[in-house]
Amino acid sequence: MSQIEELTAAQEQKLEAYRDKWIKIGLSTEPVNKEDAERALKDVYSVANLKEPMILWARSPMECLYMGAFLKITIKESVNKKVDEQVLNRVVGRVRKQVWNQVWNQVVGQVSNQVRGQVLNQVGDKVLNQVVDKVLNQVGDKVLNQVGGRVLNQVVGRVRKQVGGQVSNQVRSQVENHSWLRVWNQVGDKVWNQVRGQVLNQVRGRVWNQVLNQVGDKVWNQVWDQVRSQVGNNVMNQVKDQIESPVNTQTYKQIKTIMQDLNNWFCFGQHDADYLSCYEFFKDECGLEVCNKLEPMMRLAKNCHWFIPFEGLAILSEKPIQLNLDAEGRLHAEGRMAIEYADGFGLYRWHGTNIPKHMGEIKPELWKSEWIITEKNAEVRRILIQGIGYAKIARDLKAKSVNVWKEYELLRIEDVDVEPIMLIKMTCPSTGLLHAHRVPPDITTCREAIKWCNWGVDKEEFIVER
Amino acid sequence: MKYRQGDVVIKKIDSVNGQKRQDLILAYGEVTGHRHEVIGKAETYIKDGVLYLKAEKEVTLYHGNTSQIERQVKGEVLNYQTEDVHGPITLPAGDYEIRIQREYEPEGWRYVAD
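Protein sequence lines, in the order shown, are assigned to chains A and B. The numbers in the first sequence follow my numbering, run straight up by one, and end at 466. The numbers in the second sequence follow my numbering, run straight up by one, and end at 114.
Each hint should be verified, as a subset may be incorrect.
[What the hints assert, rightly or not] Simulated pairs of lysine-lysine, DSS-like, Cα-Cα distance not exceeding 30 angstroms:
1) B:74 / A:161
2) B:57 / A:459
3) B:12 / A:459
4) A:398 / B:11
5) A:24 / B:74
6) A:14 / B:74
[What the hints assert, rightly or not] From the structure, some residues in chain A lie toward chain B, with a derived Cβ separation under 7 angstroms:
7) 367
8) 440
9) 444
10) 447
[To be verified] Far from chain B, by Cβ distances over 10 angstroms, these chain A residues were calculated:
11) 31
12) 50
13) 54
14) 323
15) 343
16) 464
Quick caveat, the hints were computed from the structure, so don't treat them as lab data. If you're wondering where the values come from, they're calculated on a predicted model, not measured in any experiment. Glycine included, every Cβ here is placed at the ideal spot set by N, Cα and C.
Next up, chain B with everything else stripped away, as it sits in the complex:
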């Protein structure tokens, strides 16, 4: 099972390992101040530069700034175009690999940054 929220690609995998991280933020946009954040009972791990998510129960991945995420958690449906955010994604309990989209440069590739 695969999901995508903006530049965040989420793949269901069998199991998660790596070093546990302290937050549930999957990506942060430097120029927008928007983040992709998981709300729910979950943990994130990192191994060899790749991020993993372990969701104990169904969780939701939100995108936006603090107040936009708060409003969505409360059930508000944002005007995604004017507020420039990606809609929420519900992820069933399970383990996931998180990848940021990449783009090409003559020297190789780089992660898409926003």
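So here's chain A without its partners, still in its complex pose:
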């Protein structure tokens, strides 16, 4: 097949349709069709020459991580835990190393080398940009051979970048950048307890034995059977207790480490819309047969959010139940989460900026002026000023204007803290938005206040301020 050097007028006309279609897929909150998703995922594995995985469903990426950690730690703990010294010595001596190193690491190793490599594509972000994908590279190279640079630029520029701009840059990166560690510190117990029931039900109720027997390969089966028959329910119960009462710091730390690790293996499902949009265009409009290999990924994207592929097992997340964007395409909602999943996990965002729950869950009309005193983050304070209004804050806090200079104002607020609060109001030269920083109580002029904030640099000394 000769290279496609130019798109026909008819093909070119269709670019926007692909763009719009994939933006819709990427931002969809329609409930997933699990049957379709599972079939698609099995086909993805098949394209990658991997055996059909068993599939577990989570309600959010967060739950994916917890489920993965749960499985991993349960299996590890059941072998490590000192329940019956005698049994354990036997088991540990012979099996532990085998189980841990050979089985899990093998699974892990294969996941990173095979599944991850083969299932993922260049998702273009810091987490996964190193992924070298056999299937996709093949496809990618062939596409490059078959499509001229101009056409590629056209399709990438008019479809992929547009889709990426709305899906990957805004939504995916927001979910991705969200620190699960922070979430863990804030709600670790709560989430773990919530998730536990769900995981136990799915894993233990429906497929517990299958998980233990099917995950991994022959070694896994052998070793696990051996472990289970020798250690028996005793250990399983103890493990369960341990998992269910996460007061055990060591377990906690392990879970944290495991989750951090698993976090790097996410595939993005519907959030892979950007590159899939191009491949679908090449497949359907330019007849590039090699792109057929990605057809299962395209089907999967329609019915799946993020997922973690293991060998023999995959944990899939349902889509968010709501997704709210502002006119610029940034996550934004007033009085509710900007992105929310069925398990209650989600993000509060104000025009893309992370705001705390107490602000996010109520409308800005109900925000309290006092929060400007207690909020430690300058950007969140800026949002409070924007949401409540500077005049209302000054009024509510009975702030007295001490000094005004240029666009600055120094305010004094009594009886709120251990000493008077002095706030310097500033206007950002780039955005025009108002900010307020607290300065020492003995400061009496705006100019002094600004100089103090800027480590002794007087306002007039700056050559450029942006």
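Based on the hints, put chain B in the right spot on chain A.
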């Protein structure tokens, strides 16, 4: 010579020393995901908790997320108000001390965090 981009205060100094760092990010906003990043031939150093910048040639300090910085590098002028970013600053070759603005708290002071 002194410059300011949002909460980042930049002072020209005579020379730089300290431990070399791996990136050219001067500050990172936790809630915004926006960073202040130098693009150009430069190095950053840290000494006693203070950050220093050594620019071999003229460099530019950008603010924003990855795609906002990329767009600015390509020459696009953003709508700073709607995109909530500070405009770029060009810094001549030379050594600089980088400070983050501070704010008062009864226990002392803290760096401004965004």
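Problem - Violated hints - listed by number, lowest first - result: 4, 7, 9, 10, 16
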